[in-house]
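J.: We have chain A; now place chains B and C onto it with these hints.
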Amino acid sequence: MKFRANLYIGGACFATAVIVGVLAPLIATHDPVFDANLMNAEIPPGWEYPFGTDAQGRDIYSRVVHGARISLTVGLVAQCINSIIGVSLGLTAGYWGGWWDDLVSGLTNLMLAIPSLIFALAIMAILGPGLVSLLIALGLTSWSYSCRLARAQVLSLKSQGYIQAAKILGYSDLRIMFTQLLPNILGPLIVIATLGAGGSILAEAALSFLGLGIRPPYPSWGSMLSDAREQITTAPWLSIFPGLAIFITVLGLNLLGDGLRDILDPQSRERTS
Amino acid sequence: MSTPLLEVENLSIALSQGGKSYKAVEDVSFAIAPGETLGLVGESGCGKSITALAVMGLLRHPLGLGGGRITLDGSDIHNLPPAKLRQLRGKRIAMIFQEPMTALNPLSTVGRQIAEMFVLHAGANWSEATDRAVDALRQVHVPSPERRVKDFPHQLSGGMRQRVMIAIALACSPDLLIADEPTTALDVTVQAEIVDLMQELCAAKGTAILMISHDLGLVANMCRRVAVMYAGRIVEQQAAAEIFERPQHPYTRGLIASLPRLGARVVHGRQRLQEISGVVPAITAFPAGCRFRPRCQRATDICQSNDPSPTPLPENGLVRCHHHG
Amino acid sequence: MLAVLLRRLLNVIPTVGAVILLIFVLFSVIPGSFTSTGAEDGRMLDPQVMERMRKEMGLDDPILERFGRYVGHTLVGDLGKSFRTREPVTKLIADRLWPSFKLAMAAMGFAVLIGVPLGFIAALRPGGVVDSVSMIVAVSGLSLAQFWLGLMMMYLFGLLLGWLPSFGYGDGGPRYLILPGLALGVGPMALLARTTRAAVLDVLNADFVRTARSKGMAEARVVTWHVMRNALVLVITTIGLQFGSLMGTAVVVEKLFSWPGLGSLLVDSVFQRDIPAVQGCILVIVLFFLAINTLVDLAYAAIDPRIRYA
Chain A
1 MKFRANLYIG GACFATAVIV GVLAPLIATH DPVFDANLMN AEIPPGWEYP FGTDAQGRDI
61 YSRVVHGARI SLTVGLVAQC INSIIGVSLG LTAGYWGGWW DDLVSGLTNL MLAIPSLIFA
121 LAIMAILGPG LVSLLIALGL TSWSYSCRLA RAQVLSLKSQ GYIQAAKILG YSDLRIMFTQ
181 LLPNILGPLI VIATLGAGGS ILAEAALSFL GLGIRPPYPS WGSMLSDARE QITTAPWLSI
241 FPGLAIFITV LGLNLLGDGL RDILDPQSRE RTS
Chain B
1 MSTPLLEVEN LSIALSQGGK SYKAVEDVSF AIAPGETLGL VGESGCGKSI TALAVMGLLR
61 HPLGLGGGRI TLDGSDIHNL PPAKLRQLRG KRIAMIFQEP MTALNPLSTV GRQIAEMFVL
121 HAGANWSEAT DRAVDALRQV HVPSPERRVK DFPHQLSGGM RQRVMIAIAL ACSPDLLIAD
181 EPTTALDVTV QAEIVDLMQE LCAAKGTAIL MISHDLGLVA NMCRRVAVMY AGRIVEQQAA
241 AEIFERPQHP YTRGLIASLP RLGARVVHGR QRLQEISGVV PAITAFPAGC RFRPRCQRAT
301 DICQSNDPSP TPLPENGLVR CHHHG
Chain C
1 MLAVLLRRLL NVIPTVGAVI LLIFVLFSVI PGSFTSTGAE DGRMLDPQVM ERMRKEMGLD
61 DPILERFGRY VGHTLVGDLG KSFRTREPVT KLIADRLWPS FKLAMAAMGF AVLIGVPLGF
121 IAALRPGGVV DSVSMIVAVS GLSLAQFWLG LMMMYLFGLL LGWLPSFGYG DGGPRYLILP
181 GLALGVGPMA LLARTTRAAV LDVLNADFVR TARSKGMAEA RVVTWHVMRN ALVLVITTIG
241 LQFGSLMGTA VVVEKLFSWP GLGSLLVDSV FQRDIPAVQG CILVIVLFFL AINTLVDLAY
301 AAIDPRIRYA
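Chains as they are written, first to last, in my numbering: chain A, 1 to 273; chain B, 1 to 325; chain C, 1 to 310.
Same shape as in the complex, but just chain A:
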């Protein structure tokens, strides 16, 4: 069979990010938050500090490594929330139809009318910075894609023989939805969730960069970039590494999503946006 380059490269990038995140306490050489030492401030990358140090003398390498935990947690958990909301709404709306479908479709259209990052920003403004707020803000604002996809897929499957058969056999609606419909539409949903997780990581970075997400001193890649911006003239390496970490992780997820699409959802080459 064809060599699936994007699947392997993407899987490798993403696996690296996950392993780094899981093993962070073991592979970090310094404490990411409390190891400040102004004597070591703004040392360029070298043997002692592979990625250099920041204005407070903290090791950038260790901060990037620990940052993987926050970025991945936010990205994956937020996407899980999105998927659960989107799939439950889409599945039930497509299956039951009627006023519920109208309501869900109206809600989806409303969500699509508000740029999701703006919406997340508004929620962060109300809830205040922090990890939990981020999960809520990002988890509630981009479920419309999975919802639309699930609904469309259910609508096309609903009239098929085996669903009708299950109905005649007297299966309950919930049982039909979760044991008959869901497994058959899972492929495209996994693809869109993989791509969405990358989007959530980028959104977290953006909000933290603005100072509305993870607040300093805790190392999220976005908040590190926020600090780094002030020192771009004197210490450009502060900006390079967190950005590269974001790039590799999200690239991994995007390539993985593309690769999975070829396998799980062969009909649609591109179901973009």
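Careful: at least some of the hints might be erroneous.
Reference excerpt, derived from the structure (chain C facing chain A, CB under 10 Å, subset only) [unchecked claim]: (1) Pro-62; (2) Val-139; (3) Phe-147; (4) Val-251.
Computed beta-carbon distance windows for the label pairs [said to hold, decoys possible]: (5) C:Arg-306 <-> A:Gln-160: 26 to 36 Å; (6) C:Arg-86 <-> A:Leu-26: 26 to 36 Å; (7) C:Ala-291 <-> B:Gly-206: 53 to 63 Å; (8) A:Leu-264 <-> B:Gly-206: 46 to 56 Å; (9) C:Gly-109 <-> B:Val-188: 32 to 42 Å; (10) A:Leu-244 <-> C:Glu-87: 22 to 32 Å; (11) A:Leu-174 <-> B:Met-101: 33 to 43 Å; (12) C:Leu-159 <-> A:Thr-29: 25 to 35 Å; (13) B:Met-101 <-> C:Glu-219: 22 to 32 Å; (14) C:Val-129 <-> A:Cys-80: 36 to 46 Å; (15) C:Asp-202 <-> B:Val-188: 46 to 56 Å; (16) A:Trp-96 <-> C:Asn-11: 17 to 27 Å.
Pulled from the structure, derived: some chain A residues nowhere near chain C, Cβ distances all over 10 Å [said to hold, decoys possible]: (17) Val-18; (18) Ala-28; (19) Pro-45; (20) Cys-80; (21) Ser-88; (22) Asp-101; (23) Ile-163; (24) Ala-165; (25) Phe-178; (26) Gly-187; (27) Leu-225; (28) Thr-233; (29) Phe-247.
If you are wondering where the hints come from, they were derived from the structure by calculation, not from laboratory data.
Everything numeric in this text was worked out from a predicted model, so none of it was measured.
Backbone N, C-alpha and C fix where the C-beta goes; we use that ideal spot for every residue, glycine too.
T.: The following block gives chains B and C in isolation, referenced to the frame of chain A:
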């Protein structure tokens, strides 16, 4: 038989897949005289449509010409430079496709899509061409053609769209019309109208027809000669009357037996329609020996070991079977 | 055409209503939001000032009354007064509209001018060099944080090479527009390249393209006349949708480049707890997005008769 208009000799079509090359069509030969109608019959997937595309010079990757010659009026089509080949297409050989729903550009008016033919091949400017498009629509019996030229494909019914396709194909009075399952996607009541229309117009313009269909009944009614294709090969070729009376190949027999006959029940009592068991093998997995063997009731050892070569029949006919007759 | 516009407007009106309701609920009903005192960052407002403000804003009135007043004012274009500058929010926003619009258009212009041709060329020779390179560029463009790219370009072209101003609006001239425009445009550019490629590949396999070839049409003409217009339908839809994520990212990019646009105003207002300004910014951004998508629908109808006559 007079000098043939189109002659296909030992045509083979290669399918490249996963670095390997397969012969999707092999050793296909047939000829069509000017004004003659040849039927090409077989189940879907047996290579009829790609044979037609090869004649049009429209094979695209992963399909390609694997060997053989296609000559129109004695000159080899595939040796022509692309620009010359393009001038043949539409002007001398035209084609009608199976799906009238998707074969027309949804964003252009039907008038423009017909007029394109006159611009491309008759050197007309757009306003002349549009006038001629109205005439072309009138010829295919579309009511109020002056209004219809401004319609978009989605505003027409399937039958109407197929009429538009015929108008496009016959716009430049080609020598040969290739009709690839032109009625399959249509309602039964419309099918007969479309076939009659094609026959009437082609007879008037002296256009030969290569009629591709899975419907042996339709082909037998329309065509003088019939070629039956199976798994990339022509397995039997005879005059239409002959093939119905004395089918030689077991596959042809199977096709005829599977046709419902009107009134048969009155004569023979209630009979079950016969099907041919099994399916057409995939191009990548043609069986060794005779390709019909796995589905054939007459198969013996020789069918497994030896590939049958064509046996000539009277009047340029042929059959490819160890146990024909 | 008029029918399409009317139909679209009928869809937009309830959406706008729902957005107004949502904005009101988010910022006025949910407890613990802005005007309740204090925040984690320790910025406390003087309780007396708070009290006076609450009175002045009518924040202690019953909720329905406040909502009615909010809707009434919004409908006549009164977005309230900024808590901070005491100026009308409409004026604050009006000052920022032009820079934001300019930046968004520059970014989208760049995205369309590079992304669409790239995807087109890639699709004409799938698997070729242009295809491989442009799809690698596209997936990379979708994977990077655009503000990080902006930061890197700021450092490289602004500080290291000194070719372009590294931040600010300056005289608003094109030199100041290039870096933020590129940073903001790279995401939509990448997505457009991919969508265009997919759309063109799809159309190239369509039956009517085979029909066009069977007519004896030259391949170049098949592509320019039959393929391009059909692929355009999907491309235009993508452009419209991409404005949504573009306006989200614009907030970050504007902040990064200290660009005096709506996004900067929104972020600053959030930090200053200036609710009327926040509400106003979000409403204007949503209205702009809806307007763009209405235009997209009209363009769509102009190209596709199936929509026009539906």
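J.: All hints, please: hold or fail.
T.: Status of each hint after checking the structure:
no., hint, result
1, Pro-62, "violated, 21 Å"
2, Val-139, "holds, 6 Å"
3, Phe-147, "holds, 6 Å"
4, Val-251, "holds, 7 Å"
5, C:Arg-306 <-> A:Gln-160: 26 to 36 Å, "holds, 27 Å"
6, C:Arg-86 <-> A:Leu-26: 26 to 36 Å, "violated, 55 Å"
7, C:Ala-291 <-> B:Gly-206: 53 to 63 Å, "holds, 60 Å"
8, A:Leu-264 <-> B:Gly-206: 46 to 56 Å, "holds, 55 Å"
9, C:Gly-109 <-> B:Val-188: 32 to 42 Å, "violated, 54 Å"
10, A:Leu-244 <-> C:Glu-87: 22 to 32 Å, "violated, 43 Å"
11, A:Leu-174 <-> B:Met-101: 33 to 43 Å, "holds, 39 Å"
12, C:Leu-159 <-> A:Thr-29: 25 to 35 Å, "holds, 30 Å"
13, B:Met-101 <-> C:Glu-219: 22 to 32 Å, "holds, 24 Å"
14, C:Val-129 <-> A:Cys-80: 36 to 46 Å, "holds, 39 Å"
15, C:Asp-202 <-> B:Val-188: 46 to 56 Å, "violated, 32 Å"
16, A:Trp-96 <-> C:Asn-11: 17 to 27 Å, "holds, 23 Å"
17, Val-18, "holds, 16 Å"
18, Ala-28, "holds, 22 Å"
19, Pro-45, "holds, 15 Å"
20, Cys-80, "holds, 21 Å"
21, Ser-88, "holds, 21 Å"
22, Asp-101, "holds, 16 Å"
23, Ile-163, "holds, 29 Å"
24, Ala-165, "holds, 34 Å"
25, Phe-178, "holds, 30 Å"
26, Gly-187, "holds, 18 Å"
27, Leu-225, "violated, 6 Å"
28, Thr-233, "violated, 6 Å"
29, Phe-247, "violated, 5 Å"
Hints 1, 6, 9, 10, 15, 27, 28, 29 from the list above are not met by this structure, while the remaining hints are.
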